[in-house]
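Just need the whole structure built from these sequences, with the hints factored in.
Note that the protein sequences, when read in sequence, are chains P and S. The numbering of the first sequence is our numbering, which starts it at 18 and goes up by one. The numbering of the second sequence is our numbering, which starts it at 13 and goes up by one.
Errors might be hidden in some of the hints.
25 Å max Cα-Cα, derived SDA-like pairs, lysine to any residue [stated by the list, open to error]: (1) S:199 x P:262; (2) S:49 x P:250; (3) S:240 x S:214; (4) S:49 x S:285; (5) P:111 x S:90; (6) S:199 x P:261; (7) P:40 x P:66; (8) P:111 x S:104; (9) P:28 x P:46; (10) P:199 x P:224; (11) P:263 x S:109; (12) S:49 x S:109; (13) S:199 x S:271; (14) P:193 x P:166; (15) S:49 x P:112; (16) P:263 x S:187; (17) P:40 x S:13; (18) P:263 x S:13; (19) S:199 x P:268; (20) P:263 x P:193; (21) S:199 x S:272; (22) P:28 x P:191; (23) P:199 x P:231; (24) P:20 x P:186; (25) P:263 x S:85; (26) P:111 x S:76; (27) S:273 x P:264; (28) P:193 x P:158; (29) S:240 x P:222; (30) S:199 x P:252; (31) P:263 x S:268; (32) S:240 x P:174; (33) P:263 x S:250.
These are calculated hints, taken from the structure and not from any lab test. Owing to the predicted nature of the structure, the values given are computational and were not obtained by experimental measurement.
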Amino acid sequence: MTKAALVDITKCMGCRGCQVACKAWNDNSGETDTHNTGSYENPPHLSASTWTRIEFYEIGQNGGVQWYFRKHQCMHCTAASCEAVCPTGAISHKGEFVIVDQNICIGCGYCAMACPFDAVHREPPLGTARKCWFCFDRVSNGYEPACVKTCPSGAIEFDERDELLTTAQARVDNLKNNGHPKARLYGENELGGLHWLYIIDGRPSEFGLPESPQLATNMLVGQWVGGLITAGLLAAIPFWLLFRRKRELEESSIAGGEQ
Amino acid sequence: MITWGSPIWLYLWLAGMTGGAFFAAFLVDRFMGGTQKALLRLATYLGVPFAVIGVLLLIVDLGTPIRFWHLFAEFDAASAMSLGTWILFVWVACAVIMIVLWYGERFLTTEGTRIAVARITGALSWITFIFSALLITYTGVLLASSNQALWAGTVLVPSLFVASAVSTGVAVVIITALVGRNQEITKRTIARLSEADAIVIAIEMAILIGFAIWLGISAMGGATEGLKLLTIGSLAPAFWVGVVLLALLIPLGLELSHWGKEIKGRTVWLAFVVPSVCVLLGGLILRAIIVVGGQM
Chain P
18 MTKAALVDIT
28 KCMGCRGCQV
38 ACKAWNDNSG
48 ETDTHNTGSY
58 ENPPHLSAST
68 WTRIEFYEIG
78 QNGGVQWYFR
88 KHQCMHCTAA
98 SCEAVCPTGA
108 ISHKGEFVIV
118 DQNICIGCGY
128 CAMACPFDAV
138 HREPPLGTAR
148 KCWFCFDRVS
158 NGYEPACVKT
168 CPSGAIEFDE
178 RDELLTTAQA
188 RVDNLKNNGH
198 PKARLYGENE
208 LGGLHWLYII
218 DGRPSEFGLP
228 ESPQLATNML
238 VGQWVGGLIT
248 AGLLAAIPFW
258 LLFRRKRELE
268 ESSIAGGEQ
Chain S
13 MITWGSPIWL
23 YLWLAGMTGG
33 AFFAAFLVDR
43 FMGGTQKALL
53 RLATYLGVPF
63 AVIGVLLLIV
73 DLGTPIRFWH
83 LFAEFDAASA
93 MSLGTWILFV
103 WVACAVIMIV
113 LWYGERFLTT
123 EGTRIAVARI
133 TGALSWITFI
143 FSALLITYTG
153 VLLASSNQAL
163 WAGTVLVPSL
173 FVASAVSTGV
183 AVVIITALVG
193 RNQEITKRTI
203 ARLSEADAIV
213 IAIEMAILIG
223 FAIWLGISAM
233 GGATEGLKLL
243 TIGSLAPAFW
253 VGVVLLALLI
263 PLGLELSHWG
273 KEIKGRTVWL
283 AFVVPSVCVL
293 LGGLILRAII
303 VVGGQM
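In structure tokens form, the structure reads like this:
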């Protein structure tokens, strides 16, 4: 049995208590980059010291505009790209949770480039890669994560993943029967199964989620083969043709002239 | 937010030149019956400082530079960065041993030891050649095995970087041979290298066109936006002037216009040096806009 969290976007009211609870529990500093980006979102993006934030989405529905809030943080993927590309083994699964070992991480930033959800960051002065760790210290002692604990609207639930999937499916069915035909569950099968599940009311891309997230190393063999074939092609066409073949032709023409 | 900045694209350029120069020099030497050892040595002498500077740039870019040695405490073939670390390490180790052996050759007095050393350097040059191919491929795979649409939206980034690495490698060898007035590398060899570069550039152009088309039709979210960023967005001036003109069209035009002709006097600059300088600058700009554009 694995633990997971379920975010019901239709219940979130955007109070951002989860952001504050996350900062407080994990002792993360406030952001200095809080300029107006044309939205009430604040801070403007996740960072090495902001591990969760509420994103605002305005979606046209039923001839009007619906305003939704989506909590953004590390999804704790079963097939985690950050873990796959990490060159030092600093990122690993502890049970179902993806954790960065701060004593091993060198701060190369490769995990930040590989994450399909833009959930891990490396910035000065902290140096190492940092992200949501599912409040592993709380969870491993039988408590729920700080953001779940503080949520006043019941938009975030923490439970066994199987239980949450059942709950989510019932909620999706309920939404579909009550004027939300596009309601769906996100995270059940993506990247082997996410440990942050979402009930969304539309396409994933409308909520800033990739439609079909891929493991960063999915095409690794093809990329190596493609590059090495190109190297072979370059060895054969310009170099063999101009240096070997041409030399042979010149030598044979000299030999022919001498005869 | 830009996580990988100038140290990374400078490193990718230097690593590409390191591998590309040796890759080309080795092939020329082999296909010319082992008569171009001077070219091979030049590529090795250039590659070692380039690789060392590149590694220093990488270390500087780390969030915790003092822990760089953690890279050598782990080997993970699925991580392009881990694999690349070891590829670069083997390349530099082989190159340094070859340089030491070449230097030591003059002190050898018996024919037997000379033959033995020549065999060792011959074997090492094969290993370095294989690792040169791996090195120039890895610089592209490093970017491609990610979730940044411009890098991962096609599988052609490694191919593009391989072609560019060989082109910049040939260019740096030509410039150094001419500027350093290396008498052992003949004008004839340089002219052939320049002709080879023209074909490499033609292949690079074909790959770049394929890369653009693939990005345009890629299903990966952000790939089309990445293509627009390069071709009509904020990076378009750098792309069209820096990559299309400097890295491709100008050197290709100059190299083709001098193809098969006897190059003398000042024409050497126009035929060999100018196109090579363009290729080097264009290769640097290509890496800069791909690395930065992938994160925008």
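A quick look at each hint next to the structure:
Of the supplied pair hints, the one linking residue 199 (chain S) and residue 262 (chain P) holds, its CA atoms being roughly 19 Å apart against a limit of 25 Å. For the proposed pair residue 49 (chain S) and residue 250 (chain P), the alpha carbon gap of about 23 Å is at most 25 Å, so the pair holds. The hinted pair formed by residue 240 (chain S) and residue 214 (chain S) meets the criterion: a straight-line CA distance of about 23 Å does not exceed 25 Å. At roughly 22 Å between alpha-carbon atoms, residue 49 (chain S) and residue 285 (chain S) fall within 25 Å of each other, so this suggested pair holds.
Annotation: proposed proximity of residue 111 (chain P) to residue 90 (chain S) holds, straight-line Cα distance about 20 Å (limit 25 Å). The straight-line distance between the Cα atoms of residue 199 (chain S) and residue 261 (chain P) is roughly 17 Å, inside the 25 Å bound, and the hint therefore holds. With a CA separation close to 8 Å, the supplied pair residue 40 (chain P) and residue 66 (chain P) stays within the 25 Å bound. The suggested pairing of residue 111 (chain P) with residue 104 (chain S) is violated, with an alpha-carbon distance near 37 Å, which exceeds 25 Å.
Of the supplied pair hints, the one linking residue 28 (chain P) and residue 46 (chain P) is violated, its CA atoms being roughly 28 Å apart against a limit of 25 Å. A threshold of 25 Å between alpha carbons decides the hint, and for residue 199 (chain P) with residue 224 (chain P) the separation of about 13 Å falls inside it, so the pair holds. Pair hint residue 263 (chain P) plus residue 109 (chain S) does not hold up; C-alpha atoms about 33 Å apart against a cutoff of 25 Å. With a C-alpha separation of about 16 Å, the suggested pairing of residue 49 (chain S) with residue 109 (chain S) holds against the 25 Å cut-off.
Simply put, residue 199 (chain S) and residue 271 (chain S) have alpha-carbon atoms about 13 Å apart, close enough for the 25 Å limit, and the pair holds. Straight-line distance between C-alpha atoms of residue 193 (chain P) and residue 166 (chain P) comes to about 28 Å, which puts the hinted pair past the 25 Å bound. In summary, the hint linking residue 49 (chain S) to residue 112 (chain P) is not supported, as the alpha carbons are separated by about 56 Å, beyond the 25 Å threshold. Simply put, residue 263 (chain P) and residue 187 (chain S) have alpha-carbon atoms about 24 Å apart, close enough for the 25 Å limit, and the pair holds.
Taking the CA atoms of residue 40 (chain P) and residue 13 (chain S), the gap is near 21 Å; set against the 25 Å cutoff, the hint holds. At roughly 51 Å between alpha-carbon atoms, residue 263 (chain P) and residue 13 (chain S) are farther apart than 25 Å, so this suggested pair is violated. With a CA separation close to 19 Å, the supplied pair residue 199 (chain S) and residue 268 (chain P) stays within the 25 Å bound. Restraint check: the Cα-Cα separation between residue 263 (chain P) and residue 193 (chain P) comes to about 72 Å, which exceeds 25 Å; the hinted pair is violated.
Under the criterion of a C-alpha separation no larger than 25 Å, the hint pairing residue 199 (chain S) with residue 272 (chain S) is consistent with the structure, at around 12 Å. For the hint linking residue 28 (chain P) to residue 191 (chain P), the alpha-carbon distance of about 13 Å falls within 25 Å, and the restraint holds. Restraint check for residue 199 (chain P) and residue 231 (chain P): the C-alpha separation of about 23 Å stays at or below 25 Å, so the hint holds. Of the pairs offered as hints, the one joining residue 20 (chain P) and residue 186 (chain P) holds, with about 17 Å between alpha carbons and a cut-off of 25 Å not exceeded.
At roughly 48 Å between alpha-carbon atoms, residue 263 (chain P) and residue 85 (chain S) are farther apart than 25 Å, so this suggested pair is violated. Using a Cα cut-off of 25 Å, the hinted pair residue 111 (chain P) and residue 76 (chain S) holds, with the two alpha carbons roughly 24 Å apart. Pair hint residue 273 (chain S) plus residue 264 (chain P) holds up; C-alpha atoms about 17 Å apart against a cutoff of 25 Å. Between residue 193 (chain P) and residue 158 (chain P), the direct Cα distance comes to roughly 37 Å. Violation of the 25 Å bound is thereby established for this hinted pair.
Of the pairs offered as hints, the one joining residue 240 (chain S) and residue 222 (chain P) holds, with about 19 Å between alpha carbons and a cut-off of 25 Å not exceeded. Under the criterion of a C-alpha separation no larger than 25 Å, the hint pairing residue 199 (chain S) with residue 252 (chain P) is consistent with the structure, at around 21 Å. With a C-alpha separation of about 17 Å, the suggested pair residue 263 (chain P) and residue 268 (chain S) falls inside the 25 Å cut-off, and the hint holds. For a cut-off of 25 Å, the pair hint linking residue 240 (chain S) to residue 174 (chain P) is broken: about 41 Å separates their Cα positions.
Simply put, residue 263 (chain P) and residue 250 (chain S) have alpha-carbon atoms about 37 Å apart, too far for the 25 Å limit, and the pair is violated.
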